[in-house]
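Q: Start from the sequences, fold in the hints, and give me the full structure.
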Amino acid sequence: MATQLATHIVTFQLNGRPHAVTVAPLTTLRTALREDLHLHATKAGCGQGGCGSCTVLLDNELVLSCLVPVTLVDGRSVTTLEGIGGPGRLHPLQEAFHDHFAAQCGYCTAGMIMAAKWLLDRNPNPTRAEIQMALAGNLCRCTGYVPIIEAIEDAARRMSKGVKR
Amino acid sequence: MKQLGIVGQSVKRSDGIGHVTGQTEYVDDVFYPGMLWLKMVRSPVSRGRIRRVDTSRAERLPGVTAVVTAKDVPNNWYTILCLIGIEPNDEPVLADEEVMYEGEPICAVVAETEDIAREAASLVKLEIDEQEPVLDVEYALTADAPAIKKWGNNTFMYDGMNHRRLRFGDVDRGFEEADHIVEGTYQMTPIEHVPMETHVCVVKPEPNGRLTIHSNTQALYFTMDNTAIILKVPSNRLRLVGGTVGGGFGGKVDVITEPVTSIAAMKTGRPVKWRWTREEEFRRSSVRGACKMEYRDGVMKDGRIVARKVRSIHDAGAYHRHSPYGVQKNMANLPGPYSIPNVWVDCYCVYTNRQPSSAMRGFAVTEATFAVEVQMDKIASVIGMDPWEIRMVNAYRNGHMRPVRKVVEDATLLETLKAAAQLVGHELPARVRDMHSDDYAGVAEPVQP
Amino acid sequence: MSTTAFFVPRTVEQAIDLKREHGKNLVVLGGGTIVMGLVHDGLLFPKLAMSLARAGMSDVRRRDGWLEIGAATPIARLAALKGATTLERAAGMLGGPALRTLATAGGNLFAKAPYGDMCVPLLAMDAELEIAGAGRRYTVPLEQFLSRRSLKNDELVVSIHVPKAQGRGAYLKLGRRQANTPSVVAVAVQAVLDTNGKCTDVRIALGAAAPQAVRAKKAEAVLIGRRLEDATIKAAAESAQAECNPATDSLASAWYRREMVGVFVHRALDELGRST
Ligand SMILES: Cc1cc2nc3c(=O)[nH]c(=O)nc-3n(C[C@H](O)[C@H](O)[C@H](O)COP(=O)(O)OP(=O)(O)OC[C@H]3O[C@@H](n4cnc5c(N)ncnc54)[C@H](O)[C@@H]3O)c2cc1C
Ligand code: FES
Ligand code: FES
Numbered sequence: 001m002a003t004q005l006a007t008h009i010v011t012f013q014l015n016g017r018p019h020a021v022t023v024a025p026l027t028t029l030r031t032a033l034r035e036d037l038h039l040h041a042t043k044a045g046c047g048q049g050g051c052g053s054c055t056v057l058l059d060n061e062l063v064l065s066c067l068v069p070v071t072l073v074d075g076r077s078v079t080t081l082e083g084i085g086g087p088g089r090l091h092p093l094q095e096a097f098h099d100h101f102a103a104q105c106g107y108c109t110a111g112m113i114m115a116a117k118w119l120l121d122r123n124p125n126p127t128r129a130e131i132q133m134a135l136a137g138n139l140c141r142c143t144g145y146v147p148i149i150e151a152i153e154d155a156a157r158r159m160s161k162g163v164k165r
Numbered sequence: 001m002k003q004l005g006i007v008g009q010s011v012k013r014s015d016g017i018g019h020v021t022g023q024t025e026y027v028d029d030v031f032y033p034g035m036l037w038l039k040m041v042r043s044p045v046s047r048g049r050i051r052r053v054d055t056s057r058a059e060r061l062p063g064v065t066a067v068v069t070a071k072d073v074p075n076n077w078y079t080i081l082c083l084i085g086i087e088p089n090d091e092p093v094l095a096d097e098e099v100m101y102e103g104e105p106i107c108a109v110v111a112e113t114e115d116i117a118r119e120a121a122s123l124v125k126l127e128i129d130e131q132e133p134v135l136d137v138e139y140a141l142t143a144d145a146p147a148i149k150k151w152g153n154n155t156f157m158y159d160g161m162n163h164r165r166l167r168f169g170d171v172d173r174g175f176e177e178a179d180h181i182v183e184g185t186y187q188m189t190p191i192e193h194v195p196m197e198t199h200v201c202v203v204k205p206e207p208n209g210r211l212t213i214h215s216n217t218q219a220l221y222f223t224m225d226n227t228a229i230i231l232k233v234p235s236n237r238l239r240l241v242g243g244t245v246g247g248g249f250g251g252k253v254d255v256i257t258e259p260v261t262s263i264a265a266m267k268t269g270r271p272v273k274w275r276w277t278r279e280e281e282f283r284r285s286s287v288r289g290a291c292k293m294e295y296r297d298g299v300m301k302d303g304r305i306v307a308r309k310v311r312s313i314h315d316a317g318a319y320h321r322h323s324p325y326g327v328q329k330n331m332a333n334l335p336g337p338y339s340i341p342n343v344w345v346d347c348y349c350v351y352t353n354r355q356p357s358s359a360m361r362g363f364a365v366t367e368a369t370f371a372v373e374v375q376m377d378k379i380a381s382v383i384g385m386d387p388w389e390i391r392m393v394n395a396y397r398n399g400h401m402r403p404v405r406k407v408v409e410d411a412t413l414l415e416t417l418k419a420a421a422q423l424v425g426h427e428l429p430a431r432v433r434d435m436h437s438d439d440y441a442g443v444a445e446p447v448q449p
Numbered sequence: 001m002s003t004t005a006f007f008v009p010r011t012v013e014q015a016i017d018l019k020r021e022h023g024k025n026l027v028v029l030g031g032g033t034i035v036m037g038l039v040h041d042g043l044l045f046p047k048l049a050m051s052l053a054r055a056g057m058s059d060v061r062r063r064d065g066w067l068e069i070g071a072a073t074p075i076a077r078l079a080a081l082k083g084a085t086t087l088e089r090a091a092g093m094l095g096g097p098a099l100r101t102l103a104t105a106g107g108n109l110f111a112k113a114p115y116g117d118m119c120v121p122l123l124a125m126d127a128e129l130e131i132a133g134a135g136r137r138y139t140v141p142l143e144q145f146l147s148r149r150s151l152k153n154d155e156l157v158v159s160i161h162v163p164k165a166q167g168r169g170a171y172l173k174l175g176r177r178q179a180n181t182p183s184v185v186a187v188a189v190q191a192v193l194d195t196n197g198k199c200t201d202v203r204i205a206l207g208a209a210a211p212q213a214v215r216a217k218k219a220e221a222v223l224i225g226r227r228l229e230d231a232t233i234k235a236a237a238e239s240a241q242a243e244c245n246p247a248t249d250s251l252a253s254a255w256y257r258r259e260m261v262g263v264f265v266h267r268a269l270d271e272l273g274r275s276t
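Protein sequences, first through last, are from chains D, L and S.
For what it's worth, our numbering labels the leading residue of the first sequence as 1, then goes sequentially.
For what it's worth, our numbering labels the leading residue of the second sequence as 1, then goes sequentially.
For what it's worth, our numbering labels the leading residue of the third sequence as 1, then goes sequentially.
Since the hints were derived computationally from the structure, they do not count as laboratory data.
Glycine is no exception: its CB is placed at the ideal position from the N, C-alpha and C atoms.
One or more hints might be untrue.
As the list claims (entries may be wrong) - Here's a subset of chain L near chain S, in silico, CB distances under 7 Å, partners left out:
no., residue
1, 115
2, 118
3, 122
4, 279
5, 280
Said to hold, decoys possible - Derived pair list, reagent style BS3-like, types lysine-lysine, alpha-carbon separation capped at 25 Å:
no., chain 1, residue 1, chain 2, residue 2
6, S, 47, L, 125
7, S, 47, S, 24
8, L, 204, L, 71
9, L, 204, L, 292
10, S, 112, S, 24
11, L, 12, D, 161
A: Put into structure tokens, the structure is as follows:
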């Protein structure tokens, strides 16, 4: 049994590379990412599971990082927005979000793109309804969902073209 | 037509790459070594007198570094519009004698981690004698309701009157002349902005005696002035750092996190972060106030509105904040963009023991527009007229005097309606089809300067 | 931080031992989707916490026609099951995809109304819970458990046993938006019709219509021995509407919920009648 007393070390793959954090019991993955590892793309919109701005991939499954004690991530693999692309090497989803004005204030964007990535990894050619369902846990207050959905449709097209080439 | 560089072009957002890659820095992304966390202890009741605030258990919790109460606030008044003459002071930064709404801030605890701060906040013991709250605006206006304001009633006083008035022409004569009287009451509940980013503030004391304040305010200079007034320091002691706001919609114009966070930073000599929970954002931040608007219009058979009388009641919640100003904007817009010769408006800015209201997108103008336009549709259906026609017949023209005594310039309502009708394929009645903003056929002549 | 230890037991026995040792001081996390929210809102300060995620309670097995769902099974797993239709439907409509990865079937048994969607089809399918404590294991009918929802200090729900579904099932959920929304009401029906179309066995379960998921037994009685014809369905729906006890909250008023119980029981029975 893993009994994690007081502070303890958790190691996991983060965006393809091994990382370790020293945390107090019940520290969440979101806190570890933002406050210990200083990867700030993942946002803290509620801490209740209600907004989706902290959405990341855990072993390629979609999770709300504000609800996951990081202790449970030990030995597993985490992907955040920083892990899929950055300035100068944008992921097709990031390109499409930029091109379609799908990020106004940008606070929901990391979660939106991670949910979209999870969907496209499983279903490279989703219908609009499937996109809507994949985004069901992510709220956006400024952009409106239409540009976001259009960006994901466009990214899916860009990615499938990329495969053919 | 000449191709322009920006106009008519789709231009990518300058902050877009930052947003899609997660590199944009928001206030919550600011961390300093040794940074402390602040949590607020809030009133559990809607109205009451504070008997005792016992922070001893909280202070004993390991990791707690400071407690901030009303005594620590140099000038314990938050009157954001004091700079434009809104008075008297009514809202303490931290409540000391009485609480006026559920969730009112009473005392802050500061600790090494957010978790400790949260637990410490739960350990502060409050003794409050609960009083009967006033929760309904109509009740608040009655003689039976307890006066919750020190000046003896429950309304903001506009130049000695308990409401803001607008008088133009003679409404009674207008109603006498009218062929129809059309009445309607329109009401809106409070609305929360729900930005995805909650209120966050980080304050760092600098070696030179200044405070660096990272704020997600929508109004940086407002924040600087009001923080300086509350801290009783010259504003050159404050270095305000704004930047990307994770959604505001008017909800982030209050100076609601910076003063207390600054005091905590001054008291501890360390950087302090205060990040609101989602619940605080929902239930404790200012909302768009509830509003009730009662219309009585005198209308001629040909659609001309000859008299409009409106009573508007705005629920400011417990304190002024921006409401007295918002109510004034509401008043100015209740007649709508129409030329009506006789107008009478009474607007009440009413205090209740509810979450204070403040600015939100359109700021009491939206409320007025909603009410006016539903009323216009109602008039159209009562007198059996095309709803476009009723608006165009009454639309103000250039040179018309508005009830607020402002001459209309650059009127575009008729042009906009005509363009909109075309876009949606609505055939306008012949009578209005050729109307334009400099055409006075069938309406009053413009005022002569 | 206030939490001094976080346990991640590797077996059910270890988990029970910890429960026995620490009792009420030990906060149990299935998926933590309710617990962590309480912690973040300052409503719960666990001194000790334990996750069931790795205690070997996350499997779904079939045994003698029964489905045995480990209490720590994520809702996403149930949504992906093939065969137990109303369970899958309810799971697929619970929260959003990221929440379903975390939320567990066991945690759902403790969720307060309007949550607790999984209990609705489980009640309609007459599920039982397997509960384990120090030196004992026993099963209780879900309905009996839900009426109190309390365990002894050393006990955990280990698994949920679902008998093979008899007849036809229907599950409907009404929320304020199309997905990721608490229930205004949820309705599950499991019914057996004989060759004449007469109802020989039926269970109707309602969610968000009382503090916990409940059966609408008077409505069930209306249906027994009758065919699912319009007048009978209407009478059953009215009966369910009369016997439920919904609450007013920020989602819906008790009045509206009651109306919707009628509408949705009606629709669920219609759907069953048509699914010949
Ligand atoms: C955004 C959001 C949307 C949601 N949508 C829905 C929805 O649509 N429908 C719905 O029903 N719910 C919903 N929920 C509520 C919740 O996520 C689910 O009810 C979920 O199934 C709870 O499971 P959990 O394992 O996460 O619970 P936990 O938080 O882990 O536990 C809840 C309670 O159960 C106890 N517990 C858990 N497992 C056991 C066990 N095996 N033995 C004894 N005690 C145990 C815990 O100690 C705790 O008291 C939603 C929540 C969020 C945040
Ligand atoms: S911060 Fe995790 S869902 Fe909102
Ligand atoms: S862009 Fe602001 S919340 Fe989505």
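Q: Quick one, are residue 12 of chain L and residue 161 of chain D close enough, alpha carbons at most 25 Å?
A: Roughly 24 Å between the alpha carbons, so the hint for residue 12 of chain L and residue 161 of chain D holds.
Q: Is it true that the CA of residue 47 of chain S sits at most 25 Å from the CA of residue 24 of chain S?
A: 10 Å, holds
Q: Going straight from one Cα to the other, do residue 112 of chain S and residue 24 of chain S come out at no more than 25 Å?
A: 19 Å, holds
Q: Mind checking the CB of residue 280 of chain L against every CB in chain S and telling me if the closest is under 7 Å?
A: 9 Å, violated
Q: Just to be careful: measuring from the Cβ of residue 279 of chain L to every Cβ in chain S, is the smallest value less than 7 Å?
A: Since chain S brings a Cβ to about 6 Å from residue 279 of chain L, closer than 7 Å, the hint holds.
Q: Would you mind confirming whether the straight-line C-alpha gap from residue 47 of chain S to residue 125 of chain L stays at or under 25 Å?
A: Roughly 21 Å between the alpha carbons, so the hint for residue 47 of chain S and residue 125 of chain L holds.
Q: Is the hinted pair residue 204 of chain L and residue 292 of chain L satisfied, with a Cα-Cα distance of at most 25 Å?
A: 44 Å, violated
Q: Do the alpha carbons of residue 204 of chain L and residue 71 of chain L lie within 25 Å of each other, as the hint requires?
A: 22 Å, holds
Q: Holds or violated: is the Cβ of residue 115 of chain L closer than 7 Å to a Cβ in chain S?
A: 4 Å, holds
Q: Does residue 118 of chain L hold up as a contact with chain S if the rule is Cβ-Cβ below 7 Å?
A: 4 Å, holds
Q: Using Cβ atoms only, decide whether residue 122 of chain L comes closer than 7 Å to chain S, and label the hint accordingly.
A: 6 Å, holds
Comparing the model with each earlier hint shows violations of hints 5, 9; every other hint is respected.
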